[in-house]
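J.: With the hints as extra help, turn the sequences into a complete structure.
Number of protein chains: 2
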Amino acid sequence: MEKTSLKVNRERLLETLKVSSSIGSTGNGGLNRLALSEADKNMRDIFVDWLKEEGLEVRIDDFGNIYGRRKGKKDGPSVAIGSHLDTQPCGGKYDGILGVLTALEVIRVLNENDIETEYPVEVINFTNEEGARFSPPMLGSGGITGNFSKDFIYGLKDDEGISFEQALNEINYMGDIKNRITNIKNFIELHIEQGPILHEKHKTIGIVQGIQGNDLFTVKVTGKTNHAGPTPMKNRRDALVAASKMIVKVNEITNEIPGLKTTVGKMNVRPNVTNVIPGEVEFTIDIRHEDNDLRSHAFERLKEQLSAIALMSEVELTITTDWNSETTLFAPAVKDAIKNAADEFGYSAMELFSGPGHDSKYMAGVADTGMIFVPSVDGISHNEQELTLDDDIEKGANVLLHVVQKLAKDKL
Amino acid sequence: MEKTSLKVNRERLLETLKVSSSIGSTGNGGLNRLALSEADKNMRDIFVDWLKEEGLEVRIDDFGNIYGRRKGKKDGPSVAIGSHLDTQPCGGKYDGILGVLTALEVIRVLNENDIETEYPVEVINFTNEEGARFSPPMLGSGGITGNFSKDFIYGLKDDEGISFEQALNEINYMGDIKNRITNIKNFIELHIEQGPILHEKHKTIGIVQGIQGNDLFTVKVTGKTNHAGPTPMKNRRDALVAASKMIVKVNEITNEIPGLKTTVGKMNVRPNVTNVIPGEVEFTIDIRHEDNDLRSHAFERLKEQLSAIALMSEVELTITTDWNSETTLFAPAVKDAIKNAADEFGYSAMELFSGPGHDSKYMAGVADTGMIFVPSVDGISHNEQELTLDDDIEKGANVLLHVVQKLAKDKL
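Just so you know, the sequences run in chain order A and B.
All residue numbers for the first sequence refer to our numbering, where the first residue is 32 and numbers rise by one.
All residue numbers for the second sequence refer to our numbering, where the first residue is 32 and numbers rise by one.
Derived by calculation from the structure, the hints in this document are not laboratory data.
These numbers come from a predicted model, not from an experiment.
Check each hint, because a few of them may be wrong.
Note that the list lumps identical chains together, so a pair holds whenever it fits in one copy or between two copies.
Straight-line alpha carbon distances no greater than 35 Å define the calculated DSBU-like cross-link-like pairs of lysine-lysine that follow [claimed, not checked]: (1) K83 with K216; (2) K265 with K334; (3) K440 with K232; (4) K265 with K209; (5) K105 with K251; (6) K72 with K280; (7) K188 with K370; (8) K251 with K72; (9) K181 with K232; (10) K255 with K49; (11) K440 with K334; (12) K437 with K216; (13) K437 with K104; (14) K280 with K251; (15) K181 with K38; (16) K366 with K437; (17) K38 with K265; (18) K366 with K265; (19) K255 with K334; (20) K265 with K370; (21) K334 with K104; (22) K216 with K265; (23) K280 with K334.
T.: See the structure below:
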């Protein structure tokens with residue numbers, strides 16, 4: 032058997048996924064496995080056992096990130112693979128979990144085939160990627176890459192007032208700062224797309240170009256609160272009517288700029304009483320595009336359009352920037368390796384950008400990084416109905432295996 | 032002195048108002064005198080003393096409504112005048128208070144001039160007109176006119192779980208059902224306009240034609256919750272974008288139908304998270320017009336327009352009717368009396384409709400009823416900045432005095 036045809040063990044991979052799917056089950060096809068919860072602890076314990084069974088050197092760092100290291104011929108920089116085992120409170124059983132379990136399967140295949148790689152291979156499970164229990168998301172990867180300070184992360188509290196540090200200690204996953212991964216050649220993360228593109232285009236493998244930049248703004252519209260009964264239409268300064276016109280514009284601008292995505296996800300109306308003309312409305316605008324310049328351009332255009340509406344409606348407008356996150360571009364070497372692997376296996380593949388953030392966003396700052404997307408049926412994610420077909424899981428894992436062999440310099 | 036030139040005592044009236052303005056003061060120009068509160072009790076106690084000082088026969092009914100009866104030559108039906116002494120939590124010091132205190136001033140003038148009327152005159156303070164503590168509003172007038180049952184009113188609870196019945200007992204204003212006013216010839220209520228029309232048109236006296244009908248609907252727009260990052264624009268079924276287009280239409284329809292007022296006062300977005308496409312939006316539509324047919328026509332037009340938007344936006348639309356309240360028309364005899372009084376005093380006057388509801392709405396069902404509006408500066412009401420000028424208060428009271436003389440058949 033030629034090494035190029037090395038493949039994962041489908042049954043074993045699906046069996047491993049089945050175990051994961053039973054830990055924190057919602058009983059309705061989904062998972063509730065919030066970061067550092069009891070369910071997360073149970074999953075971590077089993078995962079650590081699996082790593083040890085493969086003879087890996089297991090480390091836990093001071094953010095609870097779990098590493099399993101497989102030695103290479105050199106003690107050089109490692110090829111790291113993985114994602115996260117935590118979920119949303121009513122999440123699916125695939126999401127980032129597939130990235131961790133396919134990474135484990137890659138190790139199992141390398142082991143049973145006695146393959147020695149030039150560089151070490153490390154499997155990683157990052158803590159609190161979802162941000163559902165402790166916000167913001169991607170704390171484990173953000174912590175080790177210097178995007179968040181240790182004090183910041185430790186001080187974050189969940190809805191019940193429990194701090195990250197306390198939660199980490201409670202489940203017994205407080206590790207040592209010296210265990211953080213530092214010398215990394217590549218990071219490769221397999222993940223479900225969470226969108227409909229691969230599914231609609233009947234492609235199996237997504238070669239992720241990067242993570243779309245994402246700007247978030249909060250718009251405050253101030254008019255005048257007044258009573259619906261006595262106030263003639265011409266005397267009104269209705270903040271909600273003005274805001275509604277603005278939201279229509281925020282949506283329409285995507286017709287001008289191909290690939291632009293805008294979303295008003297959050298909106299609050301005050302005083303929010305049936306017979307009172309709203310005096311104040313606040314809403315957010317999320318703008319995404321991989322081209323940083325087009326994204327800024329879109330915002331500047333919107334600012335003009337929204338100001339014009341405010342002027343016509345006699346309301347005041349203030350726009351504050353919550354964040355500007357530039358587009359992350361993945362390493363050509365990793366993208367090429369993914370493309371070649373898909374081609375050699377004969378899997379259909381396409382390039383696409385990721386809308387949501389992933390641990391790879393932060394890892395791209397410290398290593399040549401890339402992501403493999405597998406299809407989400409109907410693009411559904413963060414939902415009990417989330418589904419990635421067994422065939423696609425297997426194919427994605429095969430590609431990951433091949434990419435690891437290539438980047439860790441197994442002699443293919 | 033001819034009786035036609037009988038006038039109120041401005042200083043006394045303003046002094047009485049000043050006492051009222053000190054009971055439940057917000058310390059900032061307004062009043063917080065919620066129905067059946069300690070402040071309301073204090074005001075009631077003083078008011079009852081004032082009625083007794085004028086030799087009136089005071090009664091309290093089983094809704095806490097207070098009556099002060101001045102005998103007529105006949106023991107026939109009475110001419111009732113008044114309004115309510117309760118306020119919003121951050122209300123003004125004029126509102127319905129003026130209607131009660133000008134009624135008291137009318138009695139004082141009749142007394143000091145030894146005027147005997149044919150019919151009895153009764154001053155009324157209705158309980159919980161505002162609906163701020165116990166919702167719905169106008170409970171006292173609604174109760175005695177059979178619009179609400181006693182069980183319904185007694186069972187209503189405030190935000191702290193205290194029932195209307197309990198609150199009434201606690202302030203010692205639980206009266207007897209036999210004290211309800213029953214035999215009524217007219218009801219006349221002086222009130223601030225709560226809108227800007229008289230102020231803008233520089234008129235002193237509003238001859239209220241009636242209370243505009245008012246329909247309230249709840250619109251539910253159901254799209255699909257999805258993630259802002261991965262979901263292409265063309266795949267979205269964004270409930271908020273669709274709802275925004277609808278709200279613009281709800282506003283624009285007022286350009287088609289003169290005098291129509293539409294308000295979207297309340298709106299809730301789900302899940303209301305910055306990076307999630309809203310899957311469900313609920314909002315209310317308040318429609319007001321004095322012409323019942325035009326109001327129904329406006330709703331039918333809106334239903335078509337909203338359905339078209341729903342179809343184009345691939346969202347589901349359900350509209351439920353919360354209430355349809357027909358227009359109340361006031362009695363020609365009362366309107367004529369108000370007009371004549373204003374003319375004879377040389378006060379500028381105009382006809383207009385009331386947008387908000389008042390105790391007169393229910394009283395119109397049991398007696399020939401009418402309202403006198405006095406100007407609200409800038410139309411501000413239910414607000415500490417609410418202001419009606421002393422001159423306008425005096426003139427309004429003079430008109431009320433004259434109308435009472437006319438309807439109670441003083442020999443003018």
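J.: Enumerate the violated hints, using their earlier numbering and listing them in ascending order.
T.: 4, 5, 6, 7, 8, 9, 11, 15, 17, 21, 22
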